[in-house]
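There are 2 protein chains.
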Amino acid sequence: MKKIKVLKPVLVSNQQRAKENRSMFDRMNSLVINIIASPGAGKTSFIKNLITGLKGSHKILVIEGDIKGQIDSESISRLGVDVIQINTATECHLDAFMTAQVLPKIKKNYDLILVENIGNLVCPAEFDIGEDFKLAILSTPEGDDKPLKYPLLFHLARVTVINKCDLLPYVDFRPDIARKNIKRENPRAVIFEVSSKTEQGFEEVFRFVSKEINARQKKDKH
Amino acid sequence: MKKIKVLKPVLVSNQQRAKENRSMFDRMNSLVINIIASPGAGKTSFIKNLITGLKGSHKILVIEGDIKGQIDSESISRLGVDVIQINTATECHLDAFMTAQVLPKIKKNYDLILVENIGNLVCPAEFDIGEDFKLAILSTPEGDDKPLKYPLLFHLARVTVINKCDLLPYVDFRPDIARKNIKRENPRAVIFEVSSKTEQGFEEVFRFVSKEINARQKKDKH
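Protein chains in written order, with this note's numbering: chain V, 5 to 226; chain X, 5 to 226.
Relax, there's no trap hidden among the hints.
Put simply, identical chains are the same to the list, so a pair is met inside one copy or across any two.
DSBU-like, lysine-lysine: derived pairs with alpha carbons at most 35 Å apart:
1. Lys52 with Lys187
2. Lys112 with Lys59
3. Lys184 with Lys52
4. Lys59 with Lys72
5. Lys112 with Lys52
6. Lys184 with Lys215
7. Lys201 with Lys52
8. Lys63 with Lys201
9. Lys72 with Lys201
10. Lys63 with Lys187
11. Lys215 with Lys109
12. Lys223 with Lys63
13. Lys23 with Lys72
The set of hints was computed from the structure by calculation and includes no laboratory data.
Remember, predicted model here, so these are calculated numbers, not experimental data.
Build the full structure now, drawing on both the sequences and the hints.
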């Protein structure tokens, strides 16, 4: 209904900055995944499982976005990977400018950069930060109708991870309906069903991400 | 980090508009509750339980905020109460201007107006819409640390409802730690533990809301 008139120009300059970030990530030869989900959908535990599965074969950096605090950064760094914390104080999403501010801190080449965005299904979807792709996490207690209510994220996310599948016996979530709703917003979406708690379904995610890393590094050689 | 420079003046005019909304709600003699939570935390089912418990004794209106669609409005209106839908198309929160646009549609006096905000723990907290108080819903699968990560909402919410307590045996959520974290942001917070699925804990919520409605109507007589 009401529109804040400045919104469009802000997005335009964000896009320019995102383009510059993308060029820098390209030169670093890093696959960058922008991870977006609601508060409590399991972004941090998903990232920790991904690190455990891939750190033997790949160099990984995590950029950790939070409004306040660094609880997650601390628990991730205990896994032996590098972490850079961004605290936004009030902003409800990471944008290309915030991301640009951490780029000078990246002193090595990483195969994989995982960006944990602010817990929010709405605003982070609007801001390109220069990533290769967006990965949405939808947890089973949230309900299978969420892709229809927050369509922009599910439209843009190349990958959607359905998390907390260990809770399926206790919640009203139909994976087939969720898949249908995700595909309605993005027919080409890649969908995984996992539980960060039991680790079920992660082998498939490891294979997918490894393949993406290899494809990018091959591309850069040519 | 980066700040959008126009943010402060936008909030100022929102506050002026919220003040005007509040005067209108006062003249209507309605208690207005602004309900804020993550996607899938259970706003709609909480509202439906509240309606079932209170519709015998009070006239209730629901203002239903969604980016897109009206699934929730339809299911709420089946309970026999009036519902007004607001679709924001892109906005991640309701503000005082959007709320003002529905005020001319309110043709009766209601004892209680429940506003279901967009599913988002961050942005809706920043915008006063003219409500009597904000009510936050935190569901157990989200984790007991959320008040520390999304402090503004839990600081401002007079009431926090811990929902999905039927899932406590299956998730890592400690109600005592959650209460401590909520109280850290707002020492005067009123906290309820409920399950919208099993209806446990709702009698206490009904008593609290009825008392608030009665207190407001008494105030208006003087």
